[in-house]
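A.B. asks: Sequence:
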Amino acid sequence: MSKNTTYCVREAVENIEDLQNAVEEECPAGCYSNLLSPGYSLGDTVPFVLFTSKSAPFVAFGNVGELDNGPCFNTVFFRVERVCDGCATLSLLIAFDEHKHILDFTDKDSVCDVFRLEKTHYCIEVDLHSFCAINCLNPRLLNRTHS
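Residue numbers (this note's numbering): 72 to 218.
What the hints contain is simulated information worked out from the structure, not anything from laboratory work.
Idealized CB from N, CA, C, for every residue including glycine.
Be aware that one or more of the hints could be misleading.
[Unchecked claim] Beta-carbon label-pair distances, calculated as ranges:
| no. | residue 1 | residue 2 | range |
| --- | --- | --- | --- |
| 1 | Ala-93 | Cys-143 | 29 to 39 Å |
| 2 | Lys-190 | Gly-136 | 35 to 45 Å |
| 3 | Val-130 | Cys-158 | 28 to 38 Å |
| 4 | Gly-114 | Asp-184 | 18 to 28 Å |
| 5 | Cys-183 | Asp-156 | 13 to 23 Å |
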C-alpha cells in the first residue's frame with residue numbers, strides 16, 4: 072500500500088468530519104446547512120464505506136450480545152465522529168432494505184439492497200492507515216422513507 076493511498080483515505084475522512092462539523096456546529100441554519108446539495112438540507116452525516124487492502128469492505132459489529140434492547144448487527148457503513156493523528160472514531164450506521172429488514176453483509180445481502188441507513192450509538196476506533204479506499208455515499212440514504 073502506498074503512502075499516497077493511505078493519505079487519500081485519511082484526507083477524505085478528515086474532510087468529511089469538517090463538513091459534518093460545519094453543518095452541526097458553526098452554522099446549522101445558514102451558510103453550511105446546504106453545503107452538500109444546494110437547494111435542500113441533507114442533514115449532518117456523510118455515510119461512507121471503507122475498503123481493506125484486499126478490496127473488501129470493512130465490516131464492524133454493533134450490539135454484540137444484544138445487551139441494549141435491540142438486535143445484533145453488522146455493517147459496512149460508517150459516520151465519522153472524530154479524527155486525531157490518523158485514527159478515527161466512527162459510528163456504525165445500521166442498514167435496512169425497503170421492507171425494513173436489517174441487512175447482514177456477511178451473508179446473502181448486498182449493498183445494492185440498502186434502502187435506508189440509520190445512525191446508532193455504537194462506535195469503533197480505527198487506524199485510517201489500514202484502509203486503501205473510501206466510497207462516500209449519498210446522504211439522502213439516512214432516514215430515507217418511501218415517497
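A.B. asks: May I ask which of the numbered hints given earlier this structure violates, with the numbers listed in increasing order?
C.D. replies: Hints 2, 3 and 5 contradicted; others consistent.
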